[in-house]
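Trainee: Sequence:
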Amino acid sequence: MEWRKSSFSGGGNGGCVEVAFTTVLVGVRDSKDTAGPVLRFSPAQWRAFTARRVPRP
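Using UniProt numbering, the letters of the sequence shown map in sequence onto residues 1 to 57.
These are computed hints drawn from the structure, not numbers from a lab.
Derived EDC-like pairs: lysine to aspartate or glutamate, alpha-carbon spacing no greater than 20 Å straight-line: (1) K5 with D30; (2) K32 with E18; (3) K5 with E18; (4) K5 with D33; (5) K32 with E2.
On a predicted model such as this, the values are computed, not experimentally measured, just so you know.
Make a model of the complete structure from these sequences and hints.
Mentor: Structure below.
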């Protein structure tokens with residue numbers, strides 16, 4: 001999986017999450033604990049979550 005971090009995360013030591021996409025799941029993990037647990041969502045669950053949480057221009 002290729003993990004991505006938001007461009008809004010900045011370069012500081014703040015808490016960030018990373019997201020990885022495949023055809024069957026979306027993974028979310030703590031960027032400071034990359035060996036830690038991964039939350040897994042279906043693509044439909046991820047779309048529903050981001051539709052309500054991510055402002056669109």
